[in-house]
Amino acid sequence: MINIYEVNETNKMIERENLDVRTITMGISLLDCIDADLTRLNQKVYDKITHKAAHLVKEGEAISREYGIPIVNKRISVTPAALIGSAACRSEEDFVSLAVTLDRAAREVGVNFLGGYSALVSKGMTPAEELLIRSVPQALARTENVCSSINVGSTRTGLDMDAIRLLGEIILQTAEATRDRDSLGCAKLVVFCNAPDDNPFMAGAFHGVTEGDTVINVGVSGPGVVRTALESVRGKDFQTVCETIKKTAFKVTRVGQLVAQEASRRLGVPFGIVDLSLAPTPAIGDSVAEILQEIGLERAGAPGTTAALALLNDSVKKGGVMASTSVGGLSGAFIPVSEDQGMIEAVTEGALTLEKLEAMTCVCSVGLDMIAIPGDTSAATISGIIADEAAIGMINNKTTAVRLIPVAGKGVGESVEFGGLLGHAPIMPVNAFSCESFIARGGRIPAPIHSFKN
Amino acid sequence: MKKTIITVVGKDKVGIIARVCTYLAENQVNILDISQTIVQGYFNMMMVTDASASPKDQGMLSDELDALGRDIGVVIHCQHEDIFEMMHRI
Numbered sequence: 001m002i003n004i005y006e007v008n009e010t011n012k013m014i015e016r017e018n019l020d021v022r023t024i025t026m027g028i029s030l031l032d033c034i035d036a037d038l039t040r041l042n043q044k045v046y047d048k049i050t051h052k053a054a055h056l057v058k059e060g061e062a063i064s065r066e067y068g069i070p071i072v073n074k075r076i077s078v079t080p081a082a083l084i085g086s087a088a089c090r091s092e093e094d095f096v097s098l099a100v101t102l103d104r105a106a107r108e109v110g111v112n113f114l115g116g117y118s119a120l121v122s123k124g125m126t127p128a129e130e131l132l133i134r135s136v137p138q139a140l141a142r143t144e145n146v147c148s149s150i151n152v153g154s155t156r157t158g159l160d161m162d163a164i165r166l167l168g169e170i171i172l173q174t175a176e177a178t179r180d181r182d183s184l185g186c187a188k189l190v191v192f193c194n195a196p197d198d199n200p201f202m203a204g205a206f207h208g209v210t211e212g213d214t215v216i217n218v219g220v221s222g223p224g225v226v227r228t229a230l231e232s233v234r235g236k237d238f239q240t241v242c243e244t245i246k247k248t249a250f251k252v253t254r255v256g257q258l259v260a261q262e263a264s265r266r267l268g269v270p271f272g273i274v275d276l277s278l279a280p281t282p283a284i285g286d287s288v289a290e291i292l293q294e295i296g297l298e299r300a301g302a303p304g305t306t307a308a309l310a311l312l313n314d315s316v317k318k319g320g321v322m323a324s325t326s327v328g329g330l331s332g333a334f335i336p337v338s339e340d341q342g343m344i345e346a347v348t349e350g351a352l353t354l355e356k357l358e359a360m361t362c363v364c365s366v367g368l369d370m371i372a373i374p375g376d377t378s379a380a381t382i383s384g385i386i387a388d389e390a391a392i393g394m395i396n397n398k399t400t401a402v403r404l405i406p407v408a409g410k411g412v413g414e415s416v417e418f419g420g421l422l423g424h425a426p427i428m429p430v431n432a433f434s435c436e437s438f439i440a441r442g443g444r445i446p447a448p449i450h451s452f453k454n
Numbered sequence: 001m002k003k004t005i006i007t008v009v010g011k012d013k014v015g016i017i018a019r020v021c022t023y024l025a026e027n028q029v030n031i032l033d034i035s036q037t038i039v040q041g042y043f044n045m046m047m048v049t050d051a052s053a054s055p056k057d058q059g060m061l062s063d064e065l066d067a068l069g070r071d072i073g074v075v076i077h078c079q080h081e082d083i084f085e086m087m088h089r090i
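Top line first, the protein sequences correspond to chains A and B.
Residues 1 to 454, numbered by our numbering, are exactly what the first sequence covers, in order.
Residues 1 to 90, numbered by our numbering, are exactly what the second sequence covers, in order.
Pulled out of the complex, with its shape left as it was, chain A reads as follows (with noise of 0.2 Å):
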């Protein structure tokens, strides 16, 4: 039987280390509200998703209630809308009328987010997707809870540098469009290469069309509990900390399998995966930058720091896959820049810059991640460094995406405040050199050889 030792364990990981279930995000296929009709189609989405997610946040807030668990977020991702929009929406406008049908229908279930205002257009865009990639900036300036993201490519399809070019433009059009606000619709705004399917965490979310009706997906996090482990071994060598990454990430990816059977039991929805992220938060200690510290940096972004979140990476992964029935979504350590107390300290002190972070996105989930850069920064470097990262995701086989808020009317040296989850950001400064004339070629970036893998 289970001793008092062991549930002190659990319980000092809940209250003190920030153990928690990130999300339980429920993936809805849109595909059957299909219509040519716009009134129908919208009304089709909304009846579809609040009949479906009727009881998400009830059900999700009774298992946090019964296991003593916080679930922090409750969501919904849905079919990429510009394959659902493609029949009915004839111009930007329409596109936003179906992202607004979607914010209402968040609000009805009382989601916080509903991601899927997306298009996948790894090799080229239909008109359709175009039309939908272009309505962006209004549809996250008149929504509050949806979020979008846009696939530009993929290690089997290469880069589409078309879409690239005009995701330059649009970032700045969104940032623009909430000014007002910090440019926060670009905090809703994710551009991928090789997205995942299965993805719940936001703002990338969305239901594949290789998903079947309506899924649960759940995402665990718990960096705090990582890190506690770790000063246990403080001066061991690498081994031991790996094996300690290991068993305690295999203790917190226990908990996110419980959660995601329970849920998937009571809402009579199959189990998808479980997202195995070390998804942090700005509360203080539920930093992934205070475990590379505990590994033994001064602060993220010193030299060591690939190689310590790459072993982090990878154990995570190790000791989180026997722990579920199945694995998915990006799975890996995020490392969000205003999300995150230990990375803002980085930045402020000068220890980490926007060059670090893209080698760090080489070794682990997912990209350039909520970073504030200035707001005059040109479209084409900002497509620039899209491609850059793009270019990592799709010649190593890996996701890696893109979430850079080019923040109206600030410069470096300021920062901005966007509250709750999404933190504070200090803006930092970008390189100065133009390649204008490089993502002005336009066109594809064929897909990369297969073998002579060197």
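Derived by calculation from the structure, the hints in this document are not laboratory data.
Not one of these hints is a red herring.
Derived lysine to any residue pairs resembling SDA-like cross-links, with alpha carbons at most 25 Å apart:
id	chain 1	residue 1	chain 2	residue 2
1	A	Lys246	A	Val321
2	A	Lys58	B	Lys56
3	B	Lys2	A	Arg266
4	B	Lys11	B	Gln36
5	A	Lys318	B	Arg89
6	B	Lys56	A	Val57
7	B	Lys11	A	Tyr5
8	A	Lys44	A	Gly110
9	A	Lys247	A	Asp314
10	A	Lys247	B	His88
11	A	Lys246	B	Glu81
12	A	Lys356	A	Gly413
13	B	Lys2	A	Gln261
14	B	Lys3	A	Gly268
For clarity, every value in this text was computed on a predicted model and none was experimentally measured.
Assemble the complex: chain A is given as a structure, and chain B must be docked to it using the hints.
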């Protein structure tokens, strides 16, 4: 039978067990096992209970025990056994 784990942590004083047990008895919750220690003056108790005969559901018991804990001046948690089983047993 679904077992429920009740934990009580707080500054030691007279009557903690009595009040918790009285509440459990009044609500038809059977106590299967109790272990208790005092660490640096802090009272630390774990009970394994069976609440299947209770007219109240677990969410309600959990809320009421939480309120009782605040009244006594200790922290009481009431959780399904599964969360501990999942984490500590393969």
